[in-house]
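K.L.:
So the chains spell out like this:
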Amino acid sequence: MLVLGIETSCDETAVGIVEDRFHLRANVIASQVELHAPYGGVVPEVAARAHLDALLPAVDTALVHAGVGLTDIDAVAVTAGPGLVGALLVGVSAAKGLALAHDLPLLGVNHLRAHVEVAQLEHGELEPPLVALVVSGGHTSIVVMDDDGVFRELGGTIDDAAGEAFDKIARYLGLPFPGGPEIDRLAREGNRDAFHFPRALLNDGTYRLSLSGLKTAVIRELRRLEAAGEEIVLADVAASFQEAIVDVQVTKTLRAAAEQGLDQVVLAGGVAANSRLRERFAAETEANGQRLLVPSIPLCTDNGAMVAASGANLLAVGRTAGLGLAVDPNLPLAG
Amino acid sequence: MSSRSTLTLTTTSAEDTKAAAAAIASVLRAGDVVALSGGLGAGKTCFVQGAADRLGVRSPVTSPTFVLVKLLPAPVPVVHVDVYRLERLGHLDDLGEDVFAPDVVTFVEWADTMRPLLPDDRLEVVLAQGEDRADPELRRLTLHAHGPRWAPRIEALEQVCQPWR
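Protein chains in written order, with this note's numbering: chain A, 247 to 581; chain B, 288 to 452.
Heads up, some of the hints might be wrong.
[Claimed, not checked] Which stretches of chain A does chain B cover? Using the computed rule of at least three CB atoms under 8 Å from a CB of chain B, they are:
| no. | region |
| --- | --- |
| 1 | 320-333 |
| 2 | 351-362 |
| 3 | 449-463 |
Quick caveat, the hints were computed from the structure, so don't treat them as lab data. It should be emphasised that the depicted structure is a prediction, and the values quoted were computed from it without experimental measurement. Glycine included, each C-beta is placed from N, C-alpha and C at the ideal position.
Work out the full structure, taking the sequences as your base and the hints as a guide.
P.N.:
Here you go:
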């Protein structure tokens with residue numbers, strides 16, 4: 247069974263092909279990063295139009311990479327949410343067109359769930375219960391995937407998502423867009439103990455996270471240094487800031503796993519590409535005797551393979567969508 | 288714009304900003320638009336959290352930076368817009384149909400980015416971090432009420448803001 251997955255929820259136009267739920271056959275990403283970089287952010291009409299232009303060529307390229315034709319595809323999966331409404335609509339409309347033209351089942355995929363389920367391409371069938379940290383530009387959630395595969399949110403950010411905090415501080419520091427990888431790179435040359443930025447709610451007994459105060463604290467410190475005429479070592483700021491974000495996420499997620507009595511942890515989403523987050527999760531899960539499932543970097547950032555994998559899971563249990571499939575920009579992860 | 292429609296408030300903490308926002312929210316009604324501006328960390332999301340709570344929103348008010356728009360259920364629903372990621376915005380359609388709808392209260396963060404698309408009737412809130420380095424928590428909130436929808440409510444607005452003036 248070959249499932250083709252289409253992902254257009256934000257700034258990447260991506261198409262993946264997965265065979266029999268676990269085998270990656272193609273993963274094509276037509277990134278819009280270069281397109282949006284001059285603007286320092288996403289421009290919705292540019293994003294939607296770019297998806298429109300890039301999508302069908304990406305489908306063709308994915309088919310070539312997989313060495314198959316459209317007639318070999320058994321089902322079409324597409325991200326139905328969450329994401330930018332206009333961007334989602336391009337993907338869903340194209341998926342409907344393909345499904346209709348080739349008489350294929352259509353699968354409506356939850357983008358966040360797909361970030362977790364993509365782990366099956368490299369680690370094999372997920373064996374819930376497990377704890378997952380889903381961390382990206384728009385989301386920072388600690389969730390449990392129960393025995394029955396249903397997701398339950400334990401907690402998450404009460405203000406800014408981690409990826410958003412990375413991007414905002416990066417922009418403030420004058421680093422290029424997208425900011426997350428820039429901070430990661432810069433932080434490697436810096437001293438992460440140079441500044442002690444706040445770890446909000448670290449020991450509040452909940453699974454809530456708050457990153458807004460951290461952002462404010464970094465800006466306040468930069469202003470103080472500037473006013474005092476002191477030299478600002480950007481690498482130190484980046485390293486200390488990154489360590490604060492990483493600290494809270496590692497601590498809260500692994501505490502959740504321990505308290506829920508679960509020994510499997512999935513690290514998922516675009517921010518899971520952060521090298522320090524991966525390093526800390528690897529070291530601490532190993533020390534705790536927990537199993538860490540973390541996708542390789544091309545499968546952490548938004549991609550089509552994750553949509554194909556999640557769609558293949560839906561197909562396996564007969565949960566196909568009709569051609570009336572609607573987009574939901576605020577689709578929750580739980581459920 | 289008459290000088291009477293401009294108010295300057297001072298808040299002393301994030302909680303105080305939320306309290307001031309809640310007081311302001313008590314004069315808001317369906318169809319209102321609150322346009323927020325101010326730098327990173329000035330307290331825009333904090334303001335929306337305080338106001339949304341007063342309007343009866345019970346779900347967490349997290350930053351809509353990524354999805355641009357969040358619809359928060361409440362007796363009068365709250366639409367929370369954040370155009371930080373947008374360098375420019377050509378059409379309101381890009382934000383979906385709930386934004387500026389007559390049956391919701393809309394809050395816009397980084398409103399400067401979409402100034403030409405803002406309705407004439409609006410409450411502008413400019414948040415600024417205090418220059419006072421001894422107290423980095425201080426915030427100055429400058430309120431400008433624009434348009435005929437607000438004219439009859441200026442006095443009520445002044446009254447609820449009294450503790451922070």
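K.L.:
Now tell me, hint by hint, if it's right for this structure.
P.N.:
Each hint tested on the structure:
no. : hint    : verdict
1   : 320-333 : holds (count 5)
2   : 351-362 : violated (count 0)
3   : 449-463 : holds (count 4)
Hint compliance for this structure: hint 2 is the single one not met.
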